[in-house]
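Colleague: Sequence:
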Amino acid sequence: MLPRFFAPAVLAAFLLTGCQTPQGKFTPEQVAAMQSYGFSESNGDWSLGLSDTILFDKNQYQLRPESYSQIETMAANLSSHGLKHARMDGHTDNYGEDSYNEALSLKRANIVADAWAKGANLPRSNFTTQGLGKKFPVASNKTGEGRAENRRVAVVISTP
Numbered sequence: 001m002l003p004r005f006f007a008p009a010v011l012a013a014f015l016l017t018g019c020q021t022p023q024g025k026f027t028p029e030q031v032a033a034m035q036s037y038g039f040s041e042s043n044g045d046w047s048l049g050l051s052d053t054i055l056f057d058k059n060q061y062q063l064r065p066e067s068y069s070q071i072e073t074m075a076a077n078l079s080s081h082g083l084k085h086a087r088m089d090g091h092t093d094n095y096g097e098d099s100y101n102e103a104l105s106l107k108r109a110n111i112v113a114d115a116w117a118k119g120a121n122l123p124r125s126n127f128t129t130q131g132l133g134k135k136f137p138v139a140s141n142k143t144g145e146g147r148a149e150n151r152r153v154a155v156v157i158s159t160p
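For what it's worth, full-length UniProt numbering labels the leading residue of the sequence shown as 1, then goes sequentially.
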């Protein structure tokens with residue numbers, strides 16, 4: 001009698017274990033929404049370097065008006081897909097002292113986070129910021145174009 005119930009019990013255990021296996025961190029719809037804006041995946045997080053679309057002028061942290069609206073639109077769309085937390089990493093070119101660049105990059109990250117929170121209609125506390133200064137350039141600082149690319153904020157989306 002025991003063998004007759006053993007096989008169904010083992011099968012049920014395997015099926016229940018399969019139900020408990022966590023799926024990916026993001027749904028296919030969330031991944032598609034992030035990819036539509038150019039986000040790329042790395043180690044389970046999705047990031048977008050805003051240097052292509054949202055640049056800061058030298059020694060500035062204010063967003064250009066067109067950049068502000070781009071951020072708000074992107075944030076609203078991604079929020080509608082359930083993406084409600086992000087980290088903003090601010091960056092600078094290599095001009096200036098390290099302490100100045102770190103403070104400037106943090107201001108850039110904060111201004112993007114403020115715009116993101118407004119566009120997504122979410123609490124600002126959902127978004128963390130850090131100023132990384134000139135530590136992680138994406139282009140050569142030897143040219144004006146390269147320095148402009150390095151004046152950026154990267155948006156990193158991970159689950160809370």
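The set of hints was computed from the structure by calculation and includes no laboratory data. Mixed in with the good hints, there may be bad ones.
[Claimed, not checked] Simulated crosslink set (EDC-like; lysine to aspartate or glutamate; CA at most 20 Å straight-line):
1. Lys135 <-> Glu102
2. Lys84 <-> Asp98
3. Lys58 <-> Asp98
4. Lys107 <-> Asp57
5. Lys58 <-> Glu102
6. Lys135 <-> Glu97
7. Lys142 <-> Glu72
8. Lys107 <-> Glu41
9. Lys25 <-> Glu41
10. Lys135 <-> Asp57
11. Lys135 <-> Glu145
12. Lys118 <-> Glu66
13. Lys25 <-> Asp45
14. Lys142 <-> Asp114
15. Lys107 <-> Glu66
16. Lys58 <-> Glu29
17. Lys135 <-> Glu149
18. Lys58 <-> Glu97
19. Lys84 <-> Glu145
This structure is a prediction, so every number in the text was calculated from the model and none was measured.
Colleague: All hints are to be evaluated individually against the structure, with a verdict given for each.
Modeller: We went through each hint and held it up to the structure:
1. Taking the CA atoms of Lys135 and Glu102, the gap is about 9 Å. The hint holds against a cut of 20 Å.
2. Among the hinted pairs, Lys84 with Asp98 is inconsistent with the structure: their alpha-carbon atoms are about 32 Å apart, more than 20 Å.
3. Between Lys58 and Asp98 the CA atoms are separated by roughly 15 Å; this keeps the pair inside 20 Å, and the hint holds.
4. Straight-line distance between C-alpha atoms of Lys107 and Asp57 comes to about 13 Å, which keeps the hinted pair within the 20 Å bound.
5. For the suggested pair Lys58 and Glu102, the alpha carbons sit about 14 Å apart, so the restraint of at most 20 Å is met.
6. A hinted pair counts as satisfied when its Cα atoms are at most 20 Å apart, and Lys135 with Glu97 qualifies at roughly 12 Å.
7. Between Lys142 and Glu72, the direct Cα distance comes to roughly 32 Å. Violation of the 20 Å bound is thereby established for this hinted pair.
8. Distance check on the hinted pair: Lys107 and Glu41 sit about 26 Å apart at the alpha-carbon level, beyond 20 Å; violated.
9. Of the supplied pair hints, the one linking Lys25 and Glu41 holds, its CA atoms being roughly 11 Å apart against a limit of 20 Å.
10. In summary, the hint linking Lys135 to Asp57 is supported, as the alpha carbons are separated by about 18 Å, within the 20 Å threshold.
11. Under the criterion of a C-alpha separation no larger than 20 Å, the hint pairing Lys135 with Glu145 is consistent with the structure, at around 18 Å.
12. With a CA separation close to 15 Å, the supplied pair Lys118 and Glu66 stays within the 20 Å bound.
13. Pair hint Lys25 plus Asp45 holds up; C-alpha atoms about 9 Å apart against a cutoff of 20 Å.
14. For a cut-off of 20 Å, the pair hint linking Lys142 to Asp114 is broken: about 31 Å separates their Cα positions.
15. The hinted pair formed by Lys107 and Glu66 meets the criterion: a straight-line CA distance of about 18 Å does not exceed 20 Å.
16. Under the criterion of a C-alpha separation no larger than 20 Å, the hint pairing Lys58 with Glu29 is inconsistent with the structure, at around 37 Å.
17. Pair hint Lys135 plus Glu149 holds up; C-alpha atoms about 14 Å apart against a cutoff of 20 Å.
18. Note on Lys58 and Glu97: the hinted pairing holds, with a Cα-Cα distance of about 14 Å set against a maximum of 20 Å.
19. Proximity of Lys84 to Glu145 is assessed by CA-CA distance (about 33 Å); at most 20 Å being required, the pair is judged violated.
Hints 2, 7, 8, 14, 16, 19, counting from the list given before, are not met by this structure.
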